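Chemist: Chain by chain, the residues:
There are 2 protein chains.
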Amino acid sequence: MASSSSEHLLSCPWTPVDIGDSQFLCKSWFGQTQYHLLLLDSDGLWEEQMEAEEIQSRAQELNRRLRASVEALVTAVTPCLTGGGSDHVTIQRRDGHMTLRLKSELAGMPFHWEFHCRPAPVATACVQLVRPLLVMSGALQRQTQLLFALLRRKDAEIQDYKENGAQLTRERLQTEPFVEETFRQDFMTKTFPSLLEEQESSLSLDSELQELYASATSRQNANSKRKRSEEEEEEEAEVEEENHQRGDAPAQKEAEKTRTPAPDAKKTTLPTMQQTAPSYPSAADRAAPKPKKKKTGLFR
Amino acid sequence: MASSSSEHLLSCPWTPVDIGDSQFLCKSWFGQTQYHLLLLDSDGLWEEQMEAEEIQSRAQELNRRLRASVEALVTAVTPCLTGGGSDHVTIQRRDGHMTLRLKSELAGMPFHWEFHCRPAPVATACVQLVRPLLVMSGALQRQTQLLFALLRRKDAEIQDYKENGAQLTRERLQTEPFVEETFRQDFMTKTFPSLLEEQESSLSLDSELQELYASATSRQNANSKRKRSEEEEEEEAEVEEENHQRGDAPAQKEAEKTRTPAPDAKKTTLPTMQQTAPSYPSAADRAAPKPKKKKTGLFR
Chain P
1 MASSSSEHLL SCPWTPVDIG DSQFLCKSWF GQTQYHLLLL DSDGLWEEQM
51 EAEEIQSRAQ ELNRRLRASV EALVTAVTPC LTGGGSDHVT IQRRDGHMTL
101 RLKSELAGMP FHWEFHCRPA PVATACVQLV RPLLVMSGAL QRQTQLLFAL
151 LRRKDAEIQD YKENGAQLTR ERLQTEPFVE ETFRQDFMTK TFPSLLEEQE
201 SSLSLDSELQ ELYASATSRQ NANSKRKRSE EEEEEEAEVE EENHQRGDAP
251 AQKEAEKTRT PAPDAKKTTL PTMQQTAPSY PSAADRAAPK PKKKKTGLFR
Chain Z
1 MASSSSEHLL SCPWTPVDIG DSQFLCKSWF GQTQYHLLLL DSDGLWEEQM
51 EAEEIQSRAQ ELNRRLRASV EALVTAVTPC LTGGGSDHVT IQRRDGHMTL
101 RLKSELAGMP FHWEFHCRPA PVATACVQLV RPLLVMSGAL QRQTQLLFAL
151 LRRKDAEIQD YKENGAQLTR ERLQTEPFVE ETFRQDFMTK TFPSLLEEQE
201 SSLSLDSELQ ELYASATSRQ NANSKRKRSE EEEEEEAEVE EENHQRGDAP
251 AQKEAEKTRT PAPDAKKTTL PTMQQTAPSY PSAADRAAPK PKKKKTGLFR
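Going line by line, the protein sequences match chains P and Z. Start counting the first sequence at 1; every next residue gets the next number (full-length UniProt numbering). Start counting the second sequence at 1; every next residue gets the next number (full-length UniProt numbering).
Hints were generated in silico from the structure; no laboratory data involved. Please note that a few of the clues may not be correct.
As the list claims (entries may be wrong) - Dumping the calculated BS3-like pairs for lysine-lysine here, alpha-carbon to alpha-carbon at most 25 Å: (1) P/Lys162 with Z/Lys225; (2) Z/Lys227 with P/Lys227; (3) Z/Lys190 with P/Lys190; (4) P/Lys190 with Z/Lys227; (5) Z/Lys190 with P/Lys225.
The structure displayed is predicted, hence computed values, not measured ones.
Whole structure, please, built from the sequences with the hints as guidance.
Modeler: Structure follows, in structure tokens:
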């Protein structure tokens, strides 16, 4: 069973890209003859997906004297969104669409390209951003809880030393016993507001957050594969059961043809990806148990 | 200058709601004669916005013998999405829409209602979820960095005691010196995968995350207000300048009439909200400086 393209895109990281005066987080996949692009800015999530014919046709329109293969065209536009060559890019926002116009070079000749981006489906934003970010927030919060526990253990150790008359040679090394509530309050009233000011309108994911994102999304992908696999097995079992009841020979080929996505599936269909996903230690490599339906009763 | 409704919705928290077999995070605002609803599930973000006439009309259709004010109708449906009364709710997903059918009570009589939800605009998902979650992830990460620093200071204190011959009375209180890299690796390889299994397909935001969310969104709201205010001041200044050059008297009323949203503004327009926002210590109360345009160069 081939992996779905959306799973490949999901495992790509977000990279910050400055285009003109605008900041974006960008996910892009450039195949040999196609590309798929997601751009996140303060207005929303933008998307463009182009295949060979469309790429050829637009290249011709923008560069009348150019004759080049689709592969060469795709190669010429890639640097713009992977960090380099963004100096010659301008943005136009109009009627709910966003056009990025860039001037690059191809075989020593000027080459013009345009990305015509439209708002991505909301499901794409949820799969690519909201769900992983919810998981990442939960993970980071668990980290802080572990660190609180470690701090309390160290305080217990220090307390023991002190109770037995131990003295510091350097007074400045003395720390206050850690109080979680005080830490949180100080953070919310002093540190977080400063952080918000610094990060105002900046979109970023540093290396640790990228790592958490990669783990969260590899999990999402593993779950998607497992669900698809279970659905297919169920369909095959149903077909075999019908065949058995009818007295026919098991019809494997027939079963394969009935593999259609569940009617309510709302996955974004993408061209086959060829980019290698970054290799992080992956939960996908472990046997995935069946999902437990947990009711999570939560504060407020 | 009245606050925009979308700002009120932004400051509402997300609450987990179980409807049938499905888990959602839900944001809802129920006014006297209108409501606005957002529901997040594993398929995406759903929305419904209804005003008095539409509510009356649907109530009539579903309950032919019912005569009730819009206020009473809205009151009857509120509990379904604020935690109570979800036993009598069923979900139908079809053609990209989601219908929640509920049976409640109004003045001792059975009362039927339906929420007809469609996919929310992607910009709504970005404003209500993606941006706050990015900010929250950054905040939690900053917390871990502060805690790492605290742990190192405690290790320095412990080291000083030990170097001066201090002994523990209870050996079990001894801790290992904290090594950030080891902590991260253990977390990524052991703790995080377990957490992912526990939280599989569960959507939640506990009290601490809710607090971070509230701070992040009050900041977003403060920025929106400030930008709108600046745009209005600029427009007024331009009008006054033109008037001055033409020799007219300053035309304040004229300036007020020219207040139109910037053509590229992509804000969701909502009915006026009346729900009181939860009161968290708010960065919005502090003078907000002009945004600095920082290029954030980040590790891939």
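Chemist: Hint by hint, say whether it matches the structure.
Modeler: Here is how each hint holds up against the structure:
A distance of roughly 53 Å separates the Cα atoms of P/Lys162 and Z/Lys225; the hinted pair therefore is violated under the 25 Å criterion. Simply put, Z/Lys227 and P/Lys227 have alpha-carbon atoms about 46 Å apart, too far for the 25 Å limit, and the pair is violated. At most 25 Å may separate the alpha-carbon atoms for a hinted pair to count; Z/Lys190 and P/Lys190 exceed this at roughly 33 Å. Restraint check for P/Lys190 and Z/Lys227: the C-alpha separation of about 24 Å stays at or below 25 Å, so the hint holds.
For the proposed pair Z/Lys190 and P/Lys225, the alpha carbon gap of about 22 Å is at most 25 Å, so the pair holds.
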